[in-house]
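Engineer: Residue numbers (our numbering), protein chains in the order written: chain Y, 1 to 342; chain S, 1001 to 1296.
In short, the hints are calculated from the structure, not lab data.
Computed from a predicted structure; not experimentally measured.
Please note that the accuracy of each hint is not assured.
Negatives, chain Y to chain S, calculated, CB over 10 Å [as the list claims (entries may be wrong)]:
1. Pro18
2. Arg30
3. Ser83
4. Arg105
5. Ile135
6. Arg142
7. Arg150
8. Glu319
Pairwise CB distance ranges, derived in the manner of DEER restraints [to be verified]:
9. S:Val1277 x Y:Pro97: 53 to 63 Å
10. S:Gly1154 x Y:Leu78: 46 to 56 Å
11. S:Val1040 x Y:Gln147: 47 to 57 Å
Yeah, the Cβ is synthetic: ideal placement off N, Cα and C, and Gly gets one too.
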Amino acid sequence: MSTPALAESRTRDGDGPPLLELVDLVTAYRLRGGLGRSGAEVRAVAGVSLDVRAGETVGLVGESGCGKSTIARTIVGLVRPSSGQVLFEGRDLAALPARELRGLRQDIQLVFQDPYASLNPRMTIAALIKEAWRIHPGIVPRDRWDQEVRSLLDRVGLRPEHADRYPHQFSGGQRQRISIARALAVRPRLIICDEAVSALDVSVRAQILNLLDELRRDLGVAYLFISHDLGVVHHICDRVAVMYLGKIVEIGSKESVYLRPSHPYTQALLSAAPSLDDWRDGGRREIVLSGDVPSPLNPPSGCRFRTRCRLAQDRCRDEEPTLLDRGTGHPVACHFPETDPS
Amino acid sequence: MMPPKLDDPLPGRTGAIVRRLAGLPPRAHFALGMVLLFVVAGVLGPLLVPFDAAATSPPDRLLPPGTRLSDGAVAWLGTNQVGQDILAAVLAGMRTSLTVALVTVVVAGSVGLLMGLLAGYFGGWADGIISRLGDIQLAFPSLLLAILLAGVLGPSMLNVIIALAVTRWVIFARVVRGSALAVRDREFVDSARVMGASHGRILIHYILPSCLPPLLVAATVQIGLTMVAEASLSFLGLGVPPSQASWGSTIAQGRDYLASAWWIAAAPGAALALVVVSIGILGDLLRDASDPMTEL
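Chain S on its own, in the form it takes in the complex (with noise of 0.2 Å):
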């Protein structure tokens, strides 16, 4: 009557973190590596090189990358219209677009976990009307909800993030919907439903577990969604107040002087094109790691 032997799970648990990260090819290296320069780029760097939208430099106008500034700092990036460093508005944008995805993603996935969950787990006349809602809801292109919204809100950060999450909520919805429908009927479930489990608890113990690591992977491909969603706001000009910084607006600056002053656009649009493939990459592999043959 010996038990088979198997390893444990949880001793030694950061040691198959690190050996798992070590196992994973090139591009997940890259991506990961990738993604975290841009995270710590957008925590740290416009505490290094601050960006004052308003502030104004005439004689620094348009100067190509790794110049030297009247007032003796090397733009590396170059510099804009009005003679705005590059490299501080592309930091400061970052942190902008960071914050807006993440928060955005947050708040879409809790609202969505919820409803997927109600929708899933009761059915009935609850998943009625959530995914009637969430049907109507993509009927419309999800960026055109988004500059109608952002259009009637005005622009904020605020604005945009309440924007972005009505429009992304419903695919976590999907998504939870889907994984609480699967579940809800094992036996494990009956089982805690014989032993008289209370809805809440149930929920909590033993649908959402299965809910997460799908809407992880969602999150995941999300964010980088989300910041393509962002700066395409922004560069319409219903995105973040021209006081703050913002990839698309800094896009949408240098419109203008592609051919004369291509880094102005160049520089940020490099940035959201990395950052966003990078994500991508991560969510590919979160998927792959999820499948449902190794969860459970």
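For reference, chain Y alone in the conformation it holds in the complex (with noise of 0.2 Å):
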């Protein structure tokens, strides 16, 4: 129940470290190679900045296969970045001991996207929840393990008595709302949400959506928010970062850019957007895209989306547009970008 201006304050306020920021994050995966030589290499993330303030939600949005799952994945330490660095708090994550690591790993936590496959079956609910504080001990004291589950279950809106069930006894909504239970369990301060909400259906969505707003608001998480779905990013979030072939091809707060999208690429996701949310006008016009997205073995020179761009001339090709304010009102990578869109 705060105030737009009190939330207006806590995302913008401090010009202190962010509580995470990307720098120049490179990760590559290496292809297996034939005998006796190493395979090509894929930078499924090709360079992108991005910051995370306490408290705030910033959407990060793309077609599957853009990058989106390996950025969270190489934040929480899944998958090692190639370069540029992973800060949290000011602190570069590569380059920490990894005893602190291993305490860092509570503040930063994540939800995957399906329920069905990211929780143990063979342990009950309790055991999941109990198993992140025997992980950090010191968070919760071993006396009230059993009261503090019941409350975290009540608090994610599920029934106490149910933390003896196993996780196949429950529906899809339900284990996203155990994920969550936790992932708060450890208290972080990030949660990053990988397609959290993609796999379950619409009335459940809208539930789990609701639950993440109440918990920012109660407990001032913030959340790296990433889905394919322009519908909920622009329910959820106070930024958004759209993402093409591994890089961030615009950024800006959620109204900026819904309202006056400056890179083809947005401009294209949100006019496929099958919606009827508000921030779309009647007269729109569609823009269809044609062509498949280019492999990421062997990206486009210059700008990556040249190829499927309807604006594209031959500097497009020669050079890679940098992310930048281009009298749009928010960061855009491209050279041409539309600034009053009609």
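Dock the two chains into a complex; use the hints.
Structural biologist: Shown next, in the form of structure tokens:
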């Protein structure tokens, strides 16, 4: 129940280091090569800079395969970055000694897309949640574990008496609530939601989104909300970053990006989103992208989007556009951004 | 927001086990009964009908089954060429066979489990070394390797166990490695990593439980095969020392008398065949029961 002004001050305040900062992050996978030679390198994330401030929700949108999930996996340490930095409160995660890193792990939690695959089927809900406290002793004293499990389940809208059930006894939405409860158990300051509501049906999705919003208001957690669903991102986020083929092409406040999309890709995405939401005025034209996303193995020279862009010119082939505010109100990586979409 | 109504798996667990046992096919009842009978016979039999490898009784040589002996007892399975009761020899051999098979499978299974977990979970050079070592070893016929080892180490029960365990661990390691490989990149394992769980915790709480059912199936099958291998070694004189009974050495004793006193070789041979077939049936049933679709 915070006022918009308060939310504004919380997201914009302070010039101190942001909660999470990605600096020119590159994550590459090496493909399996043939006999005696190493395989080609796929740069799934090809230089991404992004920050998330305390209590803020940042949306990361893009098509499948654009590197959104790789960013999530890199931040939480499941994948090593090839170059660039992941800074949490100004501390480089790659440079930290292992013990401090383990401590920091509790500050960043990840909620996975598939609630059916992300909970250990052999552990009860209580055991799943308590495991967090076994790994990070000191958060909750052992004699209060049962009590705390009940209050967490209550917090995420599950019945506390179901603590002794197994994951398979719950529905998808309930399991996602369990995942959230498990993430909350370590009192994180940043939760990364990797397509966390994509596998849920629409009514359940809304419930989970409202739950996430509520948690942010009450606990002040920040979210990095990864999704391909523009409607969902519009619903929950303060700021939005649009990714294409491993790079951010446009980033800005929700209002700015949704009302004045400047990158041709963002425009195409927004025009393709089937939605009854309020950001679309009736008269916007449909932009249909031709062709497929190029292989990240061999991305186009210059601007990565030029092969599918309706505005592409020679300059787009020769020179890679940087992410800059080009009179568009927010940074955009395009040589010919539309400043005033008709 | 009512959760789906499902039976809780924990209460009434024994009841569920009894119900499942009753629903098994007849061959399962046969196999289970046979294995239980042999285990009981192996444990209790030698206490009732003691076998002394050094004791001979010349008047009772080569008597057919059911004959009354000079001391008044009945030799239900006949006697051998030095007048020893075949029933006592088979029962004592049962105990040897059981001991060797169980200890071998436990030892080889533990080593295989550890190696398989390391190879499957960590991959990389650990996997490279363990898998190549296994491949090299599997290139030799396992019995030949066992004969070599047993021959070098000399006849004793411990050496038989060592020789057989060395030839068996690879099979367990491969089974476990496969399971560990399949589960280590699952999302719920990633979720534990994100939580900050150590490798040890992930191995024990996440990887191990998925590896145990296939390991159990492999172990059951291997118990039968190890019994055959032990009998083979003893048949060749490389197994347990002559002071201990073994089906293999009893069969070897009967080899020269197949035409005149068939029961010497037939009794332990039939026992070996029955118990190995029964264990094989149980292994198959276990394999069916641990179908990956029903497992999770």
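Engineer: All hints are to be evaluated individually against the structure, with a verdict given for each.
Structural biologist: We went through each hint and held it up to the structure:
1. With a least beta-carbon separation of about 21 Å from chain S, Pro18 (chain Y) lies farther than 10 Å from that chain, consistent with its non-interface assignment.
2. Chain S leaves Arg30 (chain Y) outside its interface by the beta-carbon criterion, the shortest separation being 13 Å against a cut-off of 10 Å.
3. Non-interface status of Ser83 (chain Y) relative to chain S is upheld: no Cβ of that chain comes within 10 Å, the nearest being about 22 Å off.
4. Non-interface status of Arg105 (chain Y) relative to chain S is broken: a Cβ of that chain comes within 10 Å, the nearest being about 4 Å off.
5. In this structure Ile135 (chain Y) is not separated from chain S by more than 10 Å, as the shortest Cβ-Cβ distance comes to only about 5 Å.
6. At roughly 17 Å, the least C-beta separation between Arg142 (chain Y) and chain S is larger than 10 Å, which holds for a residue marked as non-interface.
7. For Arg150 (chain Y), the shortest C-beta to C-beta distance to chain S comes to about 16 Å, beyond the 10 Å cut-off, and the non-interface label holds.
8. With a least beta-carbon separation of about 39 Å from chain S, Glu319 (chain Y) lies farther than 10 Å from that chain, consistent with its non-interface assignment.
9. Here the CB-CB span from Val1277 (chain S) to Pro97 (chain Y) is close to 59 Å, well matched to the stated 53 to 63 Å.
10. At roughly 52 Å, the beta carbons of Gly1154 (chain S) and Leu78 (chain Y) sit within the given window of 46 to 56 Å.
11. A C-beta distance of roughly 50 Å is found between Val1040 (chain S) and Gln147 (chain Y), which places it inside the suggested range of 47 to 57 Å.
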